[in-house]
Amino acid sequence: MDLGLFIVVLFIIAAVMRVDFFFYLLYVFGAVYLISRLWIPRALRQVAVQRHIDAQAFWGEKVSVRLEIRNAGILPLPWLQLQETLPQPLAFPPVRSRALSLWPRERAEFSYELDCRQRGYYAIGPLRLSSGDLLDAGGRVYAEAGVSHLTVFPRILPLEDLGIPSRSPFGTVRHGSAIHRDPSRTAGVREYRPGDTIRHINWKASAVTGTLQTKVFDPVISLDTAVFLDLERGHYDAAHAVITTEEAVSVAASFVVQLARRRQPFSLASNGVDPLAAGDRGPVLPMRSGQAHLTTVLSALGRIENRESEPFAAMLQREALNLPWGCTVLVVTGSGEGILPYCLQLRRSGFNVVVLLADYYSDLRAPARELERAGATVYRLRATESLEKVAK
Amino acid sequence: MNGQGRRREVRIHLGMWWRLALITGMMAAMMSTMLDAVHAAGVGWRGSYLVFAIALLPLETFISQRMVRRRELRSDELTRFHLAEGITLVLLLQLLRYIDQGLPAIGGRVERLLDVEFFLGGMILLGFWSVAAAMIRWFQDLDYQPDEKAPPVTSPDYDLWVSSRVRHVEHTAAFQRISATFLIGGIFILILGGAARVDPAAIIDFQRGTIRALILHVLVYFVLGMALIAEARLSLLHTRWQHEEVNVSRSVSRRWPVLVGGLLLLAVVVALLLPVDYSVGIIDALQQAINYLVTAAVTIAYALLYLVGLLLYPLQWLMSLGRGGAEGEQPSMPEFAAPTPTPSPAGTPPLLDALKSLLFWLIALGIAGYALYNFGREHGATLRGMKLLRPLWALLGALAGLWRWLRRGATRAGRAVAKAVRRRAQQAQVSTPMGRRLRRMGQMSPRELVQYYYLSTVQRAEATGLRRRPNETADEFSGGLAASLPEVDQDVDALTAAFVEAKYSAHVVPPERAQGLRPFWERVRQALRRLRRERQAKQ
Numbered sequence: 001m002d003l004g005l006f007i008v009v010l011f012i013i014a015a016v017m018r019v020d021f022f023f024y025l026l027y028v029f030g031a032v033y034l035i036s037r038l039w040i041p042r043a044l045r046q047v048a049v050q051r052h053i054d055a056q057a058f059w060g061e062k063v064s065v066r067l068e069i070r071n072a073g074i075l076p077l078p079w080l081q082l083q084e085t086l087p088q089p090l091a092f093p094p095v096r097s098r099a100l101s102l103w104p105r106e107r108a109e110f111s112y113e114l115d116c117r118q119r120g121y122y123a124i125g126p127l128r129l130s131s132g133d134l135l136d137a138g139g140r141v142y143a144e145a146g147v148s149h150l151t152v153f154p155r156i157l158p159l160e161d162l163g164i165p166s167r168s169p170f171g172t173v174r175h176g177s178a179i180h181r182d183p184s185r186t187a188g189v190r191e192y193r194p195g196d197t198i199r200h201i202n203w204k205a206s207a208v209t210g211t212l213q214t215k216v217f218d219p220v221i222s223l224d225t226a227v228f229l230d231l232e233r234g235h236y237d238a239a240h241a242v243i244t245t246e247e248a249v250s251v252a253a254s255f256v257v258q259l260a261r262r263r264q265p266f267s268l269a270s271n272g273v274d275p276l277a278a279g280d281r282g283p284v285l286p287m288r289s290g291q292a293h294l295t296t297v298l299s300a301l302g303r304i305e306n307r308e309s310e311p312f313a314a315m316l317q318r319e320a321l322n323l324p325w326g327c328t329v330l331v332v333t334g335s336g337e338g339i340l341p342y343c344l345q346l347r348r349s350g351f352n353v354v355v356l357l358a359d360y361y362s363d364l365r366a367p368a369r370e371l372e373r374a375g376a377t378v379y380r381l382r383a384t385e386s387l388e389k390v391a392k
Numbered sequence: 393m394n395g396q397g398r399r400r401e402v403r404i405h406l407g408m409w410w411r412l413a414l415i416t417g418m419m420a421a422m423m424s425t426m427l428d429a430v431h432a433a434g435v436g437w438r439g440s441y442l443v444f445a446i447a448l449l450p451l452e453t454f455i456s457q458r459m460v461r462r463r464e465l466r467s468d469e470l471t472r473f474h475l476a477e478g479i480t481l482v483l484l485l486q487l488l489r490y491i492d493q494g495l496p497a498i499g500g501r502v503e504r505l506l507d508v509e510f511f512l513g514g515m516i517l518l519g520f521w522s523v524a525a526a527m528i529r530w531f532q533d534l535d536y537q538p539d540e541k542a543p544p545v546t547s548p549d550y551d552l553w554v555s556s557r558v559r560h561v562e563h564t565a566a567f568q569r570i571s572a573t574f575l576i577g578g579i580f581i582l583i584l585g586g587a588a589r590v591d592p593a594a595i596i597d598f599q600r601g602t603i604r605a606l607i608l609h610v611l612v613y614f615v616l617g618m619a620l621i622a623e624a625r626l627s628l629l630h631t632r633w634q635h636e637e638v639n640v641s642r643s644v645s646r647r648w649p650v651l652v653g654g655l656l657l658l659a660v661v662v663a664l665l666l667p668v669d670y671s672v673g674i675i676d677a678l679q680q681a682i683n684y685l686v687t688a689a690v691t692i693a694y695a696l697l698y699l700v701g702l703l704l705y706p707l708q709w710l711m712s713l714g715r716g717g718a719e720g721e722q723p724s725m726p727e728f729a730a731p732t733p734t735p736s737p738a739g740t741p742p743l744l745d746a747l748k749s750l751l752f753w754l755i756a757l758g759i760a761g762y763a764l765y766n767f768g769r770e771h772g773a774t775l776r777g778m779k780l781l782r783p784l785w786a787l788l789g790a791l792a793g794l795w796r797w798l799r800r801g802a803t804r805a806g807r808a809v810a811k812a813v814r815r816r817a818q819q820a821q822v823s824t825p826m827g828r829r830l831r832r833m834g835q836m837s838p839r840e841l842v843q844y845y846y847l848s849t850v851q852r853a854e855a856t857g858l859r860r861r862p863n864e865t866a867d868e869f870s871g872g873l874a875a876s877l878p879e880v881d882q883d884v885d886a887l888t889a890a891f892v893e894a895k896y897s898a899h900v901v902p903p904e905r906a907q908g909l910r911p912f913w914e915r916v917r918q919a920l921r922r923l924r925r926e927r928q929a930k931q
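Protein sequences appear in the order of chains A and B.
Quick note on this note's numbering: the first sequence kicks off at 1 and runs consecutively.
Quick note on this note's numbering: the second sequence kicks off at 393 and runs consecutively.
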């Protein structure tokens, strides 16, 4: 029997019997019924939830999420169930629940940790709130709080682990034609000539020789690095594409970190899908240096999905037009299929082309030789220890 | 076992005793009310021993169910066990009766021991016993059983778990059964309690007053029942949370009694503030209220007429002077004539009593109506499926259909009227009677006349379907208009240029300039009329 039906029957009995106590009972039950139905939806509307979480996290990091729940209203909530929906790669089981009670103006906290073991762009939430009354007169009431997003950066690996020489083959290198002189590379001293900047005068040598001596620097060319990441599924062995594409993203991220440490400018272009980019396009980030740029690039690599938005060759051809002269073009690809003509073209245009073949499950000796013949520096990556474990 | 698990165990343990106490109290209250009703009916039955026996039933049932669980009795063993238990209980009841009333004089006739009281008492006892057993079983079903948690699918215990009883325990159904038992018992105790206070012959006497009585047993039943439902609700929530592996804050259990107490206190305060007695039935109360409202409205109308009379009196007096009337013919000052009140039927209560009764009926009916509305909304599908209520649904369906038809008709009529009014207004705008228009044009200054020629052209064009957009300039519009009326395009341009000049220039517009535009205007007007006719012919 339902409480509502009971109230109707109680009204009939009270009206027939005309005992004042029955009318009191009718009012008591009526008030309980009304309050129960009206109270909880109103109280729940006054609950404010704030989720405190960092927007980005490094691979392997444990991210703490703190939920702040506040009852801003004047009505208490006898019980409130919070159910946070989480991405499965970061939390198992993918739900965190808590039940609590809130007095008016009371604040409560609920924390949990996310284990960032897989890069990606994740929706944290929504937080589902449910509540109900004390006697089950009004049923369960639901509300939902918003979603936050977390970007887990790709795994950063030491280059040696990937089978690449620790000393990067690109970056600031000596060059025959002086684009500019690097003040950190002093080659010697010479006599001061009118027009030389006084900032480069070597005062000690001047004191020793008795004439003004100015420093002579090595002529260098600072090579900007353009990273091109190929996520075309056809360029990776289908059986292992999930692992090797992931590894390719990781390799690209490791390189940009290395470049950022050397304070060199770098750019990123990929044909993978960036969920935040308009029109299902891959990320194309301009040539910059600095920590802020590194964070932007790592975020883009964290978000990128392992499916192509366009053929890699088309993207490479289009974006190569915007490259600064003399920069290094670092291509991270699976098998290197279809990029040979573009490598030749880039090489002829004066770019330093480095190709990293990430599909280590395939025999890539032949394509690597062809690319080398075209003038590119080719590295074939080897599986990292952790990935080998996964593969096994 | 972790701390939380231990706490939960202690809570269940304490909770079971608390539940037993509540069920005991409710059953004793019910039995006491039954005895009251029996005594009120004039039957001299000393059945207080039954109250005592029934108060012990929940504890006995709880213990016997534990024994059954421990011994893991089979179906036939269980039947034998309960049969023996029932017989023992009836015999013990008789023993209690003899302790209370003393041994009856048998006089060598053993059958005298098996009198009506024996059978009646036995039946009541067994009835309460089955209710107590059901309540305790439902409460046990309400609690989370550790065996409910499914073992891993790969575990050998999984198949056993799939077929086990605990997997099929319906916690929510158990709560609903407890709640329904309490509410049905509540109706039963209300009827018994009312029967003990009200003479059955007086029930149909609608003129009798309200009986003032606090029925303690009924009060005890409902207070304990509410506490029982609150406890059951908390248990159900805890069970759900355990199923969903929710981390539960201790504050929920700690605050629960406080909040239940607060809710009931608030409800009691509200109840005490509201009227509970009424001197007038609902129809009479409504009639009285309408009567008072009509009287008040008529009095106000009389007062307004009196005020108008007072305001007109000086004028009337002056007019009588102007007519040179004699002193005796001068109008007299108006006097306020209060309306004659509608005679009230004999024995009508005063206004306050009627209002109080009306308020009472409004509140009581409002509560019942709201509850009924929600019940209908929540159980609509079930109610619609009931064969018994089919004629009612048919009637309601017909009424709803009639309402929809009336509403649709009213909407259509409203739209038609609005359309007709709009059309008439447009026609009036476009086709102003010639005489009036010419008279008005004759009164216009040359500048106004030039503007009129242009604006009336725009209006006519809009009526023809060449609408001017809100942000369109005069030149832009004239371009479109000239394209639609190629035969008078130069006339349109001339009208537009003259309008722009008249509207925005500071210099004087000579009358001959305005007069000179008239042939252009008339040509454009005729062209528009032609176009409109053509368009209507096409439609």
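Since the hints were derived computationally from the structure, they do not count as laboratory data.
Owing to the predicted nature of the structure, the values given are computational and were not obtained by experimental measurement.
Please note that the accuracy of each hint is not assured.
[Stated by the list, open to error] Here chain B is said to cover these stretches of chain A; the calculated rule only asks that three of the stretch's residues, wherever they fall, bring their Cβ under 8 Å from a Cβ of chain B:
(1) 18 to 27
(2) 306 to 315
(3) 353 to 363
[What the hints assert, rightly or not] Residues from chain A shown here face chain B by an in silico Cβ test under 10 Å; the list is partial:
(4) 8
(5) 82
(6) 110
(7) 142
All C-beta atoms in this analysis are idealised placements derived from N, C-alpha and C, irrespective of residue type, glycine included.
Structure-based check of all given hints:
no.: 1; hint: 18 to 27; result: holds (count 10)
no.: 2; hint: 306 to 315; result: violated (count 0)
no.: 3; hint: 353 to 363; result: violated (count 0)
no.: 4; hint: 8; result: holds (5 Å)
no.: 5; hint: 82; result: holds (9 Å)
no.: 6; hint: 110; result: holds (8 Å)
no.: 7; hint: 142; result: violated (14 Å)
Consistency note: the structure conflicts with the earlier hints numbered 2, 3, 7.
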